[in-house]
Amino acid sequence: MLETIHDFKEDAKRYIDLFNAFTGKHNLTDKAQADHICYKCGSKESFEQLRVLFESNSSWIYQSIISNRRIAYIKLAEGIESALGTIHFLELSDQKPDGSQHDGFDHIEAYPTAYSYEEMVRELESSEKVLKIERPHHTTHDIDIGDKFLFRCTQGPLVEKIKSTEMI
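Following the working numbering, the numbering of the sequence shown begins with 90 at its first residue and continues without gaps.
Source of the hints: derived by calculation from the structure; they are not laboratory data. A portion of the hints provided could be inaccurate.
As the list claims (entries may be wrong) - Below, computed lysine-lysine pairings styled on DSBU-like, alpha-carbon distance capped at 30 angstroms:
id, residue 1, residue 2
1, 164, 98
2, 102, 185
3, 218, 237
4, 120, 164
5, 120, 221
6, 98, 114
7, 237, 102
8, 218, 98
9, 221, 114
10, 120, 133
11, 98, 133
12, 221, 237
13, 133, 221
14, 185, 133
15, 221, 102
16, 120, 102
17, 120, 218
18, 185, 120
19, 114, 185
20, 185, 218
21, 164, 133
22, 218, 102
23, 98, 185
Claimed, not checked - Each pair of labels, with its calculated beta carbon distance range:
id, residue 1, residue 2, range
24, 114, 205, 15 to 25 angstroms
25, 204, 132, 15 to 25 angstroms
26, 187, 138, 30 to 40 angstroms
27, 118, 244, 14 to 24 angstroms
28, 141, 203, 36 to 46 angstroms
29, 146, 191, 16 to 26 angstroms
For every residue, glycine included, the Cβ atom is placed at its ideal position computed from N, Cα and C.
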C-alpha cells in the first residue's frame, strides 16, 4: 500500500514511462495534453487511506458518486511531468460494487489540442487496437500500452466536465 506522496510518485514513474514511450511513438507531443492519472483502489480502506494522504498534500479534492462508487478528483500540489505536459490531477477510484478491482494505476487520460478527437482516434486506430468504451458519464477510446495500463482518449479536461455537469 502507498503510504507517502513520495511512494505514490515513485510507483507512478513506470506508468509515466510507458505513457511517454507511447506518446513518442505516435508523435503526440504537440497534438495532445495529458489530463489526469487514475489510481484504482482495491478496498474501501485503501481509498480512504489514500484520500486522507492527499487531503494534506493537494490544492483541492472533489468527490462524487459515479457508477455506484466514490471517485475523488484531486488537484495535486505538485504535478507529475509527462511527455504531454504536467499532470495536475489524480482520479482516485473506490472499489467497484462487485469487488473486482485491485490497487494500482489504471490509466492516463489525454485529449487532443491540435486536431479533433475523431482524428486522434482514427490516427491511433491505424496502428493500435483501440477499444471504444461507453460509460454512463462519457465515452472513451482505450489502448493497452503495457502492464494493463491504458492510454485513454477523451474529449477534453475532466475538470471541465465536472464543472458543467455537477456544479450547476
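Cross-check of the supplied hints:
no.: 1; hint: 164 to 98; in the structure: 14 angstroms, holds
no.: 2; hint: 102 to 185; in the structure: 25 angstroms, holds
no.: 3; hint: 218 to 237; in the structure: 13 angstroms, holds
no.: 4; hint: 120 to 164; in the structure: 23 angstroms, holds
no.: 5; hint: 120 to 221; in the structure: 20 angstroms, holds
no.: 6; hint: 98 to 114; in the structure: 24 angstroms, holds
no.: 7; hint: 237 to 102; in the structure: 15 angstroms, holds
no.: 8; hint: 218 to 98; in the structure: 28 angstroms, holds
no.: 9; hint: 221 to 114; in the structure: 21 angstroms, holds
no.: 10; hint: 120 to 133; in the structure: 37 angstroms, violated
no.: 11; hint: 98 to 133; in the structure: 21 angstroms, holds
no.: 12; hint: 221 to 237; in the structure: 16 angstroms, holds
no.: 13; hint: 133 to 221; in the structure: 29 angstroms, holds
no.: 14; hint: 185 to 133; in the structure: 9 angstroms, holds
no.: 15; hint: 221 to 102; in the structure: 27 angstroms, holds
no.: 16; hint: 120 to 102; in the structure: 22 angstroms, holds
no.: 17; hint: 120 to 218; in the structure: 20 angstroms, holds
no.: 18; hint: 185 to 120; in the structure: 33 angstroms, violated
no.: 19; hint: 114 to 185; in the structure: 33 angstroms, violated
no.: 20; hint: 185 to 218; in the structure: 26 angstroms, holds
no.: 21; hint: 164 to 133; in the structure: 21 angstroms, holds
no.: 22; hint: 218 to 102; in the structure: 24 angstroms, holds
no.: 23; hint: 98 to 185; in the structure: 24 angstroms, holds
no.: 24; hint: 114 to 205: 15 to 25 angstroms; in the structure: 21 angstroms, holds
no.: 25; hint: 204 to 132: 15 to 25 angstroms; in the structure: 40 angstroms, violated
no.: 26; hint: 187 to 138: 30 to 40 angstroms; in the structure: 21 angstroms, violated
no.: 27; hint: 118 to 244: 14 to 24 angstroms; in the structure: 20 angstroms, holds
no.: 28; hint: 141 to 203: 36 to 46 angstroms; in the structure: 39 angstroms, holds
no.: 29; hint: 146 to 191: 16 to 26 angstroms; in the structure: 24 angstroms, holds
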